[in-house]
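**Student:** Below are the chains, spelled out letter by letter.
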Amino acid sequence: MKKEELIVKNSTEIALETYEMVLENSFISMTAKPGQFLHLLIHGHTLRRPISIASVDRDKNTVTILFKINGSGTKHLADYQIGSVINALGPAGNGFTLEPESSTILLIGGGIGVPPLYNLGKKLVDNQKKIISILGFQTKDYVFYEQEFKQLGETHIVTNDGSYGSQGFVTDVIGSIADFDTYYSCGPLPMLRAVSKELVHKNGYISLEERMGCGVGACFACVIPTDHNGGYRKICKDGPVFHHQEVNL
Amino acid sequence: MKKEELIVKNSTEIALETYEMVLENSFISMTAKPGQFLHLLIHGHTLRRPISIASVDRDKNTVTILFKINGSGTKHLADYQIGSVINALGPAGNGFTLEPESSTILLIGGGIGVPPLYNLGKKLVDNQKKIISILGFQTKDYVFYEQEFKQLGETHIVTNDGSYGSQGFVTDVIGSIADFDTYYSCGPLPMLRAVSKELVHKNGYISLEERMGCGVGACFACVIPTDHNGGYRKICKDGPVFHHQEVNL
Amino acid sequence: MNSLQVELPGLNLKNPVMPASGCFGFGREYSEFYDLNKLGAIIMKAATGEARFGNHTPRVAETASGMLNAIGLQNPGVESIIEHEVSFLRDYQTPVIANIAGSSLEEYEHVAHSFNETDHVAALELNISCPNVKEGGIQFGTDPVMAARVTDRVKQASNLPVYVKLSPNVSDITAMAKAVESAGADGLSMINTLTGMQIHLPSRKPLLANKTGGLSGPAIKPVAIRMIYEVRQHVSIPIIGMGGITTAEDVLEFLLAGANAVAIGTANFQNPFVCPEIIDALPETLKRYGFSSVQEVVGKGILT
Amino acid sequence: MNSLQVELPGLNLKNPVMPASGCFGFGREYSEFYDLNKLGAIIMKAATGEARFGNHTPRVAETASGMLNAIGLQNPGVESIIEHEVSFLRDYQTPVIANIAGSSLEEYEHVAHSFNETDHVAALELNISCPNVKEGGIQFGTDPVMAARVTDRVKQASNLPVYVKLSPNVSDITAMAKAVESAGADGLSMINTLTGMQIHLPSRKPLLANKTGGLSGPAIKPVAIRMIYEVRQHVSIPIIGMGGITTAEDVLEFLLAGANAVAIGTANFQNPFVCPEIIDALPETLKRYGFSSVQEVVGKGILT
Ligand SMILES: Cc1cc2nc3c(=O)[nH]c(=O)nc-3n(C[C@H](O)[C@H](O)[C@H](O)COP(=O)(O)OP(=O)(O)OC[C@H]3O[C@@H](n4cnc5c(N)ncnc54)[C@H](O)[C@@H]3O)c2cc1C
Ligand SMILES: Cc1cc2nc3c(=O)[nH]c(=O)nc-3n(C[C@H](O)[C@H](O)[C@H](O)COP(=O)(O)OP(=O)(O)OC[C@H]3O[C@@H](n4cnc5c(N)ncnc54)[C@H](O)[C@@H]3O)c2cc1C
Ligand SMILES: Cc1cc2nc3c(=O)[nH]c(=O)nc-3n(C[C@H](O)[C@H](O)[C@H](O)COP(=O)(O)O)c2cc1C
Ligand SMILES: Cc1cc2nc3c(=O)[nH]c(=O)nc-3n(C[C@H](O)[C@H](O)[C@H](O)COP(=O)(O)O)c2cc1C
Ligand code: FES
Ligand code: FES
Chain A
47 MKKEELIVKN STEIALETYE MVLENSFISM TAKPGQFLHL LIHGHTLRRP
97 ISIASVDRDK NTVTILFKIN GSGTKHLADY QIGSVINALG PAGNGFTLEP
147 ESSTILLIGG GIGVPPLYNL GKKLVDNQKK IISILGFQTK DYVFYEQEFK
197 QLGETHIVTN DGSYGSQGFV TDVIGSIADF DTYYSCGPLP MLRAVSKELV
247 HKNGYISLEE RMGCGVGACF ACVIPTDHNG GYRKICKDGP VFHHQEVNL
Chain B
47 MKKEELIVKN STEIALETYE MVLENSFISM TAKPGQFLHL LIHGHTLRRP
97 ISIASVDRDK NTVTILFKIN GSGTKHLADY QIGSVINALG PAGNGFTLEP
147 ESSTILLIGG GIGVPPLYNL GKKLVDNQKK IISILGFQTK DYVFYEQEFK
197 QLGETHIVTN DGSYGSQGFV TDVIGSIADF DTYYSCGPLP MLRAVSKELV
247 HKNGYISLEE RMGCGVGACF ACVIPTDHNG GYRKICKDGP VFHHQEVNL
Chain C
531 MNSLQVELPG LNLKNPVMPA SGCFGFGREY SEFYDLNKLG AIIMKAATGE
581 ARFGNHTPRV AETASGMLNA IGLQNPGVES IIEHEVSFLR DYQTPVIANI
631 AGSSLEEYEH VAHSFNETDH VAALELNISC PNVKEGGIQF GTDPVMAARV
681 TDRVKQASNL PVYVKLSPNV SDITAMAKAV ESAGADGLSM INTLTGMQIH
731 LPSRKPLLAN KTGGLSGPAI KPVAIRMIYE VRQHVSIPII GMGGITTAED
781 VLEFLLAGAN AVAIGTANFQ NPFVCPEIID ALPETLKRYG FSSVQEVVGK
831 GILT
Chain D
531 MNSLQVELPG LNLKNPVMPA SGCFGFGREY SEFYDLNKLG AIIMKAATGE
581 ARFGNHTPRV AETASGMLNA IGLQNPGVES IIEHEVSFLR DYQTPVIANI
631 AGSSLEEYEH VAHSFNETDH VAALELNISC PNVKEGGIQF GTDPVMAARV
681 TDRVKQASNL PVYVKLSPNV SDITAMAKAV ESAGADGLSM INTLTGMQIH
731 LPSRKPLLAN KTGGLSGPAI KPVAIRMIYE VRQHVSIPII GMGGITTAED
781 VLEFLLAGAN AVAIGTANFQ NPFVCPEIID ALPETLKRYG FSSVQEVVGK
831 GILT
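Protein chains in written order, with this note's numbering: chain A, 47 to 295; chain B, 47 to 295; chain C, 531 to 834; chain D, 531 to 834.
List time: in silico EDC-like cross-link candidates among lysine to aspartate or glutamate, alpha-carbon distance up to 20 Å:
1) C:Lys741 to D:Glu760
2) A:Lys48 to D:Glu807
3) B:Lys48 to C:Glu807
4) A:Lys48 to D:Glu562
5) D:Lys741 to A:Glu256
6) B:Lys48 to C:Glu562
7) B:Lys121 to D:Glu779
8) C:Lys735 to B:Glu256
9) C:Lys741 to D:Asp702
10) C:Lys735 to D:Glu779
Hints are computed from structural coordinates only; laboratory data are not their basis.
If we strip away everything but chain A, and leave its shape as in the complex, we get:
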């Protein structure tokens, strides 16, 4: 991880309140692994904002992030113009553990938890894995990257209100997936809880979110318990990806 300056090469609203931003920086693009994030300094804000790396283009020295307007920081980020420079710590965190033995992989993403799975999916396809994706969104207006995931493999879209794809939650689709070796999931905590409960006997990894201070492991803001005896991991440094049995959700 380093402190780097990234140049905004492109910024597009790809779904309701959801932006895709392409950032140029050779160190980040050369070193980023799926599941890692950038800790972005947004002008006028005390704390940095963690945003996952959604894809990498090593030829162009760029990484892509996808973010949803959530509060003042992401709102300001959406205002950044092409050519602006953004300071980031990264690539931060551990990223997804790849398991060479698994051949069919299930990706389960919810809302703004979808982006890191795209970067992972691309990598897994490069490694000759079969990918099945289940992506959940609030409503049709929030759906993004459907085509991108379809290019990786079988993709199921779920919306809470049924305005697009099937109606319900990602867990409603999981049962219908014939067979897979490993799952990777990222999304809101209630979804991750449901997923890891549903797939308790499966091998899987989940990517977690928590409010962060330092983003580097120094401040203990982002801990998650691993047991009831005070055991813990830091999401920013030991995560954001954990084996589903490693942490207590």
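Mind docking chains B, C and D with the ligands on chain A? Use the hints.
**Tutor:** Showing chains B, C and D with the ligands alone in chain A's frame:
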């Protein structure tokens, strides 16, 4: 006075750390009088910054301000690009009292106190007055608007270190000015004190600076005593221009 | 009933938003920007027994997301305020709250009593938190016993409801609140400014002529929210909340913490229209967060 | 002598800049960004007798020019800190200050005593200002008598110089400072965080799981400067100043107010290189304002 949005039409560094900025707004340009100021909202700052109106172009709906980088606010202001929008309260304050009987007028400006005198000088020339100007600056690098003032009349430049014009203070030149009816002065407090002492028997007006809160007369931040019995004026509302006998410097 | 309406002792407010004392003068200047009838109420600048000139300048300084002020209670004295300022405000259908200050119990009593004579002042805001307000060396604003004493005396001198304005510069804000409630306060105003200082590097001296000043603005909002949240659980009189409000969302945060109405100070300097703009934004903001009235929000953020 | 050098009880600092407790862990993470030998000293995260998990999450929130934290003293316990963390820091030529906390006098004594056994800890910072640190319901951090008592006990248990870290959440900071000075404190650290709160509108609840948290960052700088300025005039022991420092100019402001050295907390999160960058900027900054050494600046801003 209104709250208005002004568009930056131009911004140039015209002397060391000194910027000339042209701002477009029809209400401000139509109503501004010499000596009035704009109370500018600069992004990221709690308090507005008072800056004098240095000239007005009613044909182009613009006003010009001149400012020196003093601290963080003026530094940010210098970063504003052409096309940016600046929010201002204005035109604020009373402006200079014009005296129809006076025929020869002495303008005495020090450093960043020079700008409001330019607007005044142009107006006085329009009113057929004879103008003599004495402008003091720290060093040669800080000199600005010499040509502009020369077009209004006889102009003396003084620098503290003698690197341009004559060496010394504006008061060193005042004695050599043959005759005038009224003086108008703006500049640092020590200069205004010296000027009003030197010209105690003359008719004159001085423009004052003070740190401001509201800029509209409501907060009592910017008062100046008028006597020793608690009498006072508010610089933002009753000033910034006062008759030299009206206030206790 | 209007969704913004709030009923407090002596105050029937059409909305919960009022300019804070000292940040709005006596309303004249802002009446040139908008109709003062829009406001829930107006809190006037502090009144003392006699005219005061206040501190030397500079009196204000900017800080990160805030400002320091040391005006020093400059005001024309209570008689002049009643004659020239309250009479001006009489033309508006907006309740007026008189902020009163003094250097002794007697001065407080005198000022409080003076407002009995006038109509159109609906309540008093008792400013015990100004740093230069002390008697026998003890500040009224930081000692519960002294605070109770001045509250009691002012209550006796006045026929108006009394809102006691608390200082945040204390170890135990709840003790202060309880003390003035027991002494008869009809309501609380909180918070006044935190005492702060800035040193000017070029001159190597404190920037404010008074050395210290009161810190206000968004910087102090978390302290205000915490104190209101804490006090709300221990007193039953209403609270006018203030400290760093700049948006309708901030107003909601104060109401959730337990404020019944709010005052806006420093933000007026940045945006003279901030009060009417917040008032206009409130109905939509209430709705967005699932509320149908101001009344309904009060204290809803308190976890028990 | 180097113009940045500072001599304090037990601490021979090559420069006056150190990361503040809790904002730098035990140095490991930042050692990946730069050489820790650059720092004047390192103040470790609080140590308690046993390992503590701390509060539930969320533990941090952003505020205007500041942040709230309620970590809750999470740490692996004093034994583990000595074994794993101090041993790591032993590889650097930078003095280490151990921040110690506890819930009882006995715990403080135990933690203080434990650090006697190790070399490479040069001083203790006695954290009496954590909100959950109290005994018999009274907070050590807001009661001068309790503060003196814990200072005295820790002094007796330890063979290291003790810097007592003061809470700003008090009516009279000078009384606190004098009390711990009389009890034998070798120095002061000030200020710790102001207690604050944020309410999350969508959930209508305090955002932090702990409800309240400590406010830090530029927002509180004016309060820190005021308190140091005030205390400097009444105690003679050195002060490590902190609260909102982000630039070398800020360091100068703290020194002018009377701090002998400074600590930097929140700013590390924005810029992991803030400490070395400030250290590099200091000589030029001193010169720009007419000073030739750090030593020369201390207390120069005080008007008497
Ligand atoms: C490892 C990680 C990866 C993430 N990846 C993405 C991504 O790819 N795309 C995306 O849109 N979002 C992502 N998030 C969530 C994103 O960080 C928040 O939406 C964002 O920080 C909100 O900032 P704000 O200023 O808009 O909201 P505000 O609520 O104004 O933020 C206030 C504070 O809370 C923090 N905060 C608020 N919500 C969250 C949250 N959900 N998680 C962590 N901190 C939060 C902010 O960082 C800030 O410190 C990720 C979070 C983590 C921890
Ligand atoms: C009526 C009036 C007219 C002015 N006209 C001009 C002009 O035409 N050109 C120009 O360059 N300057 C002018 N000034 C001075 C200008 O306002 C200050 O230089 C500017 O506010 C400094 O802001 P800063 O953020 O750069 O400095 P900082 O020191 O960072 O500002 C901190 C605070 O102090 C205030 N402040 C600092 N210096 C002054 C000062 N000298 N006067 C008033 N407030 C100050 C700021 O407004 C701000 O609130 C005028 C001042 C007044 C009162
Ligand atoms: C310039 C200024 C003057 C003030 N004068 C008074 C006053 O006279 N009486 C008083 O009770 N409070 C006074 N205050 C405090 C405010 O009323 C308010 O309590 C405080 O500023 C916090 O609110 P804010 O952050 O919205 O400004 C003053 C504040 C400022 C900024
Ligand atoms: C996340 C965080 C954790 C902290 N933990 C401690 C601690 O363990 N012990 C302590 O004495 N102070 C702790 N503090 C307070 C800081 O050391 C410092 O006193 C305070 O943050 C003010 O400085 P700043 O504004 O530069 O951050 C902590 C502050 C933060 C922001
Ligand atoms: S955010 Fe600081 S430890 Fe994770
Ligand atoms: S700045 Fe508020 S009265 Fe002049």
